[in-house]
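Asker: Put together the whole structure using the sequences plus the hints.
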Amino acid sequence: THGFKQRYETDIVFADNVHKIWALTFLEPNQVINGFELLCSDLGDEYQEIFHYIEDNYIGRARGRSRWPATFPIHFWNMATRVKNNMQLNKQFDGSMAQKVELLIPMYAPKLMDVYK
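Per the working numbering, the sequence shown starts with residue 70, numbered consecutively.
Because the hints were derived from the structure by calculation, they are not lab data. All clues given are correct.
Capping the alpha-carbon separation at 20 angstroms, the derived lysine to aspartate or glutamate pairs in EDC-like fashion look like this:
#1 K89 <-> D114
#2 K89 <-> D111
#3 K153 <-> E97
#4 K74 <-> E118
#5 K89 <-> E115
#6 K89 <-> E78
#7 K89 <-> E124
#8 K89 <-> E106
Computed spacing ranges between beta-carbons, pair by pair:
#9 T79 <-> R134: 39 to 49 angstroms
#10 Q75 <-> N154: 29 to 39 angstroms
#11 V82 <-> H121: 16 to 26 angstroms
In this text, all values refer to a predicted model and were calculated from it rather than measured experimentally. Think of the CB as a built atom: it goes at the ideal place given N, C-alpha and C, for glycine as much as any other residue.
Answerer: This is the structure:
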C-alpha cells in the first residue's frame, strides 16, 4: 500500500487531502475532470501515485484532447444526482448494484480497500 494507509491514519493533512480527492464523487459528472485537474495542480508531487491510480481507474488517463476509458467510468461511481434526490446507495435501494460494487472493488481496487480498513 506504499505507506498510504499508515500515513492516512497518522497524518491529518494527508487524510484531509485524500478526502478532497474522494469529494470528486459529489461533483456534477461534467465537472469531475476539471475538479480532478485542479486537485492535481494544488496538491503537488507527493500525491502523484494516488492521482495516477485515480486517473487510471476512475477518471481515465489523458491522451491528447481526450481520455482513455477508466476502469470505472464517472457515471458508475458519481453520487451527485443521488445526493440531490436524497437517494442512498445500499442494498435496499439497489441490491444488484451494491453487490456488483462489493465484488468489483476488492478485485480492481485493493489499495482503496486497504485505506478504509
